[in-house]
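Asker: Residue numbers (the working numbering), protein chains in the order written: chain W, 68 to 514; chain X, 16 to 269.
Calculated directly from the structure, the hints in this document are not laboratory data. Mixed in with the good hints, there may be bad ones.
Some, not all, of what chain X presents toward chain W, calculated at C-beta under 7 Å [to be verified]:
1) Asp18
2) Asp22
3) Ala151
4) Gln152
5) Arg261
Note that beta-carbon positions come from the ideal geometry of N, C-alpha and C, so glycine has one too.
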Amino acid sequence: MSGWGRTAPTLATLHRPVDAEEVTAILGHGGARGAIARGLGRSYGDAAQNAGGRVLSLTGLRNVRDFDVARGLITVGAGLSIAELARLTLPFGWFPPVLPGTSQVTVGGAIAADVHGKNHHREGSFCDHLRAFELVTPGGGRRTVTPEGEPDAFGATAGGMGLTGAVVEATIELIAAETDRVRVDTERARDLDDVLDRMERGDEGYRYSVAWIDCLARGRGLGRSVLMRGDHATRDELPRGERDTMPGFATPRVLSAPRGVPSGLLSAPAVRALNEAYFRRAPRLERGRLEPLHTFFNPLDGVRDWNRLYGPRGLLQYQLVVPFGAEDALRTVLERLSGERRPAFLAVLKRFGAGRDLLSFPIPGWTLAVDLPAGHTELAPFLDELDQLVAAADGRVYLAKDSRLRRELLERMYPQLKHWRELRAGLDPEGSLRSDLARRLDLVGGP
Amino acid sequence: MKDALGDLDSVLVLGGGSEIALATVRALVARRARTVVLAARRPESLSAAAEELRTAGATDVETVRFDAGDDAEAHARLVDDVFDRHGDFDVVLVAAGVLGDQAVAERDGAAARAVVHTNFLGLVSAIVPCAERMRAQGHGTIAVLSTVAGERPRRSNFVYGSSKAGLDAFAQGLGDALAGTGVNVLVVRPGFVHTRMTAGLDAAPLATTPEKVAEATLDGLARGAHTVWAPPALRYVMSVLRHMPRPVFRRLPM
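Throw the hints in and build the complete structure from the sequences for me.
Answerer: The structure is reproduced here in structure tokens:
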């Protein structure tokens, strides 16, 4: 088993429970090397694998227990994917409150990583939109956790990387969406200052905002970006003939990445050319373009198994956030990436709003995510250096994406780690919940 | 845990006195390895090396006694004890070995047997329990220090060469047996390496250093490779030598 990056695979016993009782039974069973829940395997690193232990694939838990169409509240099994959730709710005028870069993540995974989307600056992360969830802990069986009733268990589970228990069901507050289109404004920014400035000034006017950033542009073009912002289109904004069709969430599978691609295909020159083409193709300024939801939110979901394009060595994603005021650190990261000609394709820059605490990743500031081929020369020391920079700026890297952080930096990046560990130990006193990520980073702590 | 870029947390060395092993461990600790157990016939001789590793950042360093001459039960006990006390090992580096005195060994059964015992039999009985523990932990690499001399036995050191050939073959087979268990076996085949073991011998062409072999080993670990050669060119040299007719091979000056 490995993560989306296809690096560092390990072997575990895979269980596919079909209901909460079975999850309870398997977690209660213990086993020397513990257990961890797994969703659709979209974490880049080793968050949902457990060498020598048990892995519970929860994609069988997909029932919809309740859907209050009037209020936009839905209670679903944790194995339901965000895409399925969108498909279910959109015809009724509702939409998932947070859509990450891929819709192929489960509700349980979205809670474990406390995922964010393009609306974080205004609407926060996934767990900010939960009324409750059902948590199965190894010793304590099944419990209903609400933010008011059990703030500690709720907070420790939000972004807790599955190490507080297995979420089997969640009640989600949906957001209203009349159509299946997004009304998008696109603009090009000539450099980093320009894009930061445009985001600072304009983001609050948009529900969704994201910038694609060229990490290979150097000198005067450092940080040149294409800024895409928008909101759900209302029915009135659609062309007259389309207003009465039922909205639906489709994820077309047009392409499939081939097997057997060698590592090194996405080299720096290739990525530079792709970036150049992307930047040139984008309009300098365009307002009110109507785009299908998946094109705006999840462009890569149209290419099945795109991670294969990175070959057998696999890829990793480096995602950092630095607080507002630490823009220099962001600039240095970009300078280092472009200066060393790191083939950083698909880099994304976004502004975070208010964050949660404990292990949840988002903090108010700038987040940058870049995909890199794992086989690139001297990548390990290079990323270690970036970590130092990020930590020194009081920033952090995203655990759901991480596959190589130095464990010594964890507490610096997540200052509430100790508190989280205490809360976690209260939910899993025997230490039965384990993952490779937890082992690698010594996340759980203790002996 | 090994990370996405091949960096590791923990390493157990069987034959901790080996210069190649120490160079490898130093390089691993310089990256981020924190747990190092050096098992050697004379662990007391490794206290300076252990101290150096601590200074370099390793937090959990231990030296234990491991004698290839001990019986299989003793080896199994040692392996279990080390794994029980330190937890998972990301790498077991098998590096114990002696060159022996070829001239003596080829005419003295006991001397020949001693070389084969240290380099092959005594390691096999330690590798097997390590493989079992790693199979249970579901991840890890067993890196076995072989040699190009095992690729085709040479007149000048065939006792040593044959013992390493046995170890090399065992490691390859074990690697195949462990396929799909999350555990990988890496066979490292250096050429002539300048160490205490080879001091006083005439260096062969393409001679290398422990640091170079360590570098190749780290690269192999990161790639999840099955075999690495140090220097890499030896792969092609040996490929030619392996197919050379005996009468010609015998007359080569090496």
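Asker: Hint by hint, note whether the structure agrees.
Answerer: Evaluated hints:
1. Because the closest C-beta pair between Asp18(X) and chain W is about 4 Å apart, less than 7 Å, the hint holds.
2. Interface restraint check for Asp22(X): the shortest CB-CB distance to chain W comes to about 6 Å, inside 7 Å, so the restraint holds.
3. Against a cut-off of 7 Å between C-beta atoms, the interface hint on Ala151(X) holds, since the closest Cβ of chain W lies about 6 Å away.
4. Interface restraint check for Gln152(X): the shortest CB-CB distance to chain W comes to about 4 Å, inside 7 Å, so the restraint holds.
5. Of the supplied interface hints, the one on Arg261(X) is violated, with its beta-carbon coming no nearer than about 39 Å to a beta-carbon of chain W, more than 7 Å.
The structure fails hint 5 only (numbered hints given earlier).
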